[in-house]
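From first to last, the protein sequence lines are chains A and B.
Here the first sequence stands for residues 51 to 266, where the numbers follow my numbering.
Here the second sequence stands for residues 50 to 510, where the numbers follow my numbering.
Rather than coming from a laboratory, the hints here were simulated on the basis of the structure.
One thing to keep in mind: the hints can contain errors.
Said to hold, decoys possible - For lysine-lysine, the following DSSO-like pairs were computed, each having C-alpha atoms within a straight-line distance of at most 30 Å:
#1 LYS93/A - LYS130/A
#2 LYS220/A - LYS272/B
#3 LYS384/B - LYS222/A
#4 LYS372/B - LYS224/A
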Amino acid sequence: MKINEYLIKAKNGILDESTIKEMLGSFGVKVPKGVLVENYPQKINLKYPLVLKVSDPEVLHKSDVGGVRLGIKNSMELRKEFKAMKNRFPDSKFIIETMEKEGLEIIVGAINDRDFGLAIMLGMGGIYTELYGDVAFRLIPIDGLDAEEMIGSVSINRFVEGFRGIKVNKEKLKNLLLKISEIAYNIGERLNQLDLNPVIATEDDLVVVDAKLSLK
Amino acid sequence: MFETLFKPQSIAVVGASRNPGKIGYTILMNLKMTGFNGKIFPVNRNESEILGLKCYPSLSDIGEKVDIAVLALPVKYIPELVSECKDIGTGYVIIISGGFSETGGAGKEMEEQLARIIYGSGTRIIGPNTVGVYFPYNRVNTALTPPDRVLFPPEGKIAFISQSGALGLLAMDSISEYGVGISAFINLGNMIDLNDLELLDYFGKDEKTGSVVVYIESVSSGKLFFEKIREINRIKPVVVLKSGRTQSSAMAASLHTGAMATNDAILNGALLQAGATRAYDETELLDYGRVLAYSKPLRGKNIAVVTTAGGIGVITSDYISSKHHGIGLSLARLKESTKDAIKKIIVPFGSAENPIDLTADGSTSDYKKILPILLDDPGVDGIIIYALPQTPKMDVSIVDVIQEYANGIKPLVVGVIGSKMGRDIIIELERRKIPAFPSIQRTVKAVKVLYDYGTYMKRRL
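Based on the sequences and whatever the hints tell you, model everything.
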């Protein structure tokens, strides 16, 4: 599918998580295996533990309103949680996806700055990004050297060699940055903000666990 | 491009005055004192002669070609004067007057009016709200600072573009202390016409310019600014000082120029991407411009240090190696044969290990023997040389020794401490365009700039 066919699904400039992930997947960005459902599915071909989330462009901050359940261990638990969530969001759709194993949480984003236009951001995830300003920006499009220099300039770089048992795959992180740059470049001036937060980084791979996208 | 601006044959000063308290007097005075050898036309309805120059009642009355017209009259007269400039075919109009967009809506409208007046003509506007230009090579000086208060730098290799007039003039005054020269200074003021991107293009090609330093308060089109800097930085190193990094200082800047500050983190990323050097104050701006204009970039991170004062060598080593309060590069590990050769030159209690300490016994002739040995060591990418005046065997002739090796592929950066002979040494090095700095920290930071620029260029080209 062309990028426009994804973007057309935006409501009030907001794209739902499931569509964003489908779009990311089409560019070769890894997202968790999952399904989008309206009702409790008869059969699920996913490995537990699972995550259940509401997928609705009108619910942007899902976890604040009880729209996310992590670490669902079996079908009994899933059925119970699904029922509860369906009660809370009767008109929404839901994502059921595999829960990623632990790794380093990072943020990759793109914004459309008033002065500089499209820019890509890389930072450490969680509260530390804000606390230490541990982020790097570059203007889009970036090349491989830009991506490497971005990684080199934030503390994620310390995990490239491995630190306290946590390791980040630099090559794959570089590729992810290049792909996000490409996606944002393709969306162009209509892009307002793209947030991949968190992206779970491990020695083997990077998986986008949550994604938000808003258009102008 | 810009030939008549940088090499004018004639300059008119509108609002010229014989009253030393007036800007129109100072500008005329500066033009004369700097030795402009083209024609100077003072324009003032009520005078027939000022400072020995024939005065004209109006621009049109001059009856000759006017390459540059400097307008030093209140804002209400400016539109009519700009029209007149256009009619007589003036190339460049420098509008000194303030009271335009920096004061609000009416001033903004006036700027738009000026832009409409010159639209489609060959006349260009610099400013308004500018202190003007200073071009030492062609003796053009339209600055409004009285010449008894400040110094103007001699001819040199740094092109200086500044959005602020005062910062520009004062920074030029400061560097003049050591005779640091510039190729051109231009204050763009509110930048309604002639802009920084065009000047970057010009200085990129200007043979007299070795580096371009830019002070900006606002970025009008970040993307274009970035693209231009990226393009020019590959030809001539560009150093950028951007004020308004924090929210509160951004507020002050916006009151000052009528422009909103940009997101600093993005600016920083864009500058890194462009390979441009970032400065955080006026000293860094000119220091970095100087070292980049005079030296080849560093090709590696291994620095050798030569000194006649042990303490200074050790502090320098700390600064080189440390990431906090330092530049995070490496002290070069010298080959055994290098150390053996140096041992034969220095006194037994000196140090042939990097930092190389010649002690108080070190002489200029020792430096002459040691420098080629260090430069031959493949483990050395660049050298910090201290030229220190405290011992009898060291004097200004050290400059000749350093010059002999200053133009090789490995950069030499000189540190000098002291205010008497030390100052003389820096001035002499500066005259020969060898980068020298009056403190340990400034010397080491200059080396880092050469390293970053070298790393960028090596990776990209």
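Against the structure, the hints come out as follows:
For the given pair, LYS93/A sits about 15 Å from LYS130/A by alpha-carbon distance, which is consistent with the 30 Å threshold. Between LYS220/A and LYS272/B, the direct Cα distance comes to roughly 28 Å. Compliance with the 30 Å bound is thereby established for this hinted pair. Among the hinted pairs, LYS384/B with LYS222/A is inconsistent with the structure: their alpha-carbon atoms are about 39 Å apart, more than 30 Å. Our distance criterion of 30 Å between C-alpha atoms is met by LYS372/B and LYS224/A, whose separation comes to about 25 Å.
In the structure shown, a violation is registered for the earlier hint numbered 3 alone.
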